[in-house]
Amino acid sequence: TQLLEQSPQFLSIQEGENLTVYCNSSSVFSSLQWYRQEPGEGPVLLVTVVTGGEVKKLKRLTFQFGDARKDSSLHITAAQPGDTGLYLCAGGAGNTPLVFGKGTRLSVIA
Amino acid sequence: GAVVSQHPSWVICKSGTSVKIECRSLDFQATTMFWYRQFPKQSLMLMATSNEGSKATYEQGVEKDKFLINHASLTLSTLTVTSAHPEDSSFYICSAPGWNIQYFGAGTRLSVL
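Sequences listed follow chains A and B, in order. Here the working numbering is used: position 51 in the first sequence is 51, and no number is missing along the way. Here the working numbering is used: position 8 in the second sequence is 8, and no number is missing along the way.
Chain A extracted, bound-state conformation (with noise of 0.2 angstroms):
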């Protein structure tokens, strides 16, 4: 069984503050997908990384995929009140289910 295991569960922060979101697995992945997540609603997609190495901006954020594909990162820059919500790694391609991680729940205070 695939496991993604997200770091840290919860995180709150001064606005304007950085910070990292770590995903990480004993399985390679042949993707990994990153989702936002706000209350109420599906989960969003942010990004998806493929290749071993890849290093991906969406804006103020940069996901990160590990070069042996079991790992990645998001890293937001000045994190703002708008960042506040549930971050999503999760695992899988294709026509078969996601494996999420637990999920990061980030508060940014102004």
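Please note that the accuracy of each hint is not assured.
To be verified - With beta-carbon atoms standing in for the labels, derived distance ranges:
id, chain 1, residue 1, chain 2, residue 2, range
1, B, Pro40, A, Ser12, 16 to 22 angstroms
2, A, Ser12, B, Asp27, 23 to 29 angstroms
3, B, Ser83, A, Thr77, 46 to 52 angstroms
4, B, Ile12, A, Gly82, 44 to 50 angstroms
5, B, Asp27, A, Lys57, 49 to 55 angstroms
As the list claims (entries may be wrong) - Sample of chain A residues with no beta-carbon within 10 angstroms of chain B, all distances over it, derived:
id, residue
6, Ala78
7, Thr84
8, Asn95
Simulated from the structure, these hints should not be mistaken for laboratory data. All C-beta atoms, glycine included, are put in the ideal place defined by N, C-alpha and C.
Given the coordinates of chain A, assemble chain B onto it according to the supplied hints.
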């Protein structure tokens, strides 16, 4: 882009009644759909895989007689929570796979009184 529509978004029911949740792929065909459950402050847990034209595949610990799944067509899967009890109260989310991506519904919040 592809969209998955999930209905209803919120339902309240009395204990012992059954509730049906629909998941539709709006502009693409989905021979497979996935149903997840999410408890408050927790992540998504896969409940079952819905397969068009065949029986659903349930994850360990999920009662197939309680959570009935019907994949009626290439664009519709339904999850029926039978004889619902308060412990079934949760957020249920469906997804349909596309090309190297999963499209998620907006979720259904079920509250059983």
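Practice problem: Just pull the numbers of the violated hints for me, sorted ascending. | Solution: 2, 4, 5 and 8
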